[in-house]
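**Q** Letter by letter, the chains look like this.
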Amino acid sequence: DIVMTQTPLSLSVTPGQPASISCKSSQSLLHSDGKTYLYWYLQKPGQSPQLLIYEVSSRFSGVPDRFSGSGSGTDFTLKISRVEAEDVGVYYCMQGIHLRTFGQGTKVEIK
Amino acid sequence: EVQLVESGGVVVQPGGSLRLSCAASGFTFDDYAMHWVRQAPGKGLEWVSLISWDGGSTYYADSVKGRFTISRDNSKNSLYLQMNSLRAEDTALYYCAKDTHDYGDYGAFDIWGQGTMVTVSS
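If you read the protein sequences in the order shown, they are chains W and S. In terms of this note's numbering, the numbers along the first sequence are unbroken and rise by one, the last being 111. In terms of this note's numbering, the numbers along the second sequence are unbroken and rise by one, the last being 1122.
None of these hints come from the bench; they were simulated from the model. Keep in mind that the hints are not guaranteed to be accurate.
DSBU-like, lysine-lysine: derived pairs with alpha carbons at most 30 Å apart [stated by the list, open to error]:
hint, chain 1, residue 1, chain 2, residue 2
1, S, Lys1043, W, Lys24
2, W, Lys44, S, Lys1043
3, W, Lys79, S, Lys1043
4, W, Lys24, W, Lys44
5, W, Lys111, W, Lys79
6, S, Lys1065, W, Lys24
Here are some, though not all, of the chain W residues that point toward chain S, as calculated from beta-carbon distances under 8 Å [to be verified]:
hint, residue
7, Pro64
8, Val88
9, Ile97
As the structure is a prediction and not an experimental result, all values here were calculated from the model. Every residue gets a Cβ at the ideal spot worked out from N, C-alpha and C, and that includes glycine.
Let the hints inform the model, and build the full structure from the sequences given.
**A** Take a look at the structure:
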């Protein structure tokens, strides 16, 4: 089974400042089709998760451009260029190359 | 409006059974694979099961294999999860989620329901 490890597990950010979350997989998420199946989700308080980023770096429909994803192979990063109050919640990475596995989640709060 | 609505969550005794349902609307249900994902109280997300667009392929997390069965009825735009031999550790909010692909290989979950709560307790 593929294990997904996120760091940090919590983050307190001043509005307008950047934030970064790391996600590492125990196996490469690069498929023979050339795509890398790494996704990012945000679960806002009291809500269902929502898709932010698919295939490492593509923003899902309606996701603000302050969110960006990067990485390759087994190491990935989600960056928020300028954190806003509405960005609070728990961020999860998920691998999609072999069934599905989520990271433990990173809780982002505003200072 | 694209929507998934789960139902069927209740309090059940250990060893008991339960069937969850997920009603889909606003998209062509039989074009996409579907998943169940659960979240124990105060915990993170755990993928549970996947079914392909036609029901021909199903997959399970090791934690539920042999106890849970995923199925779908495309004529009713509905997804199901039959849960048997329930344990305390199955207590969670159960979400259904739509895959972006038909067979469920590699796709993201672009639509989520609001979840239905299952509590396993005596």
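**Q** Tell me, which hint numbers fail for this structure?
**A** 7, 8
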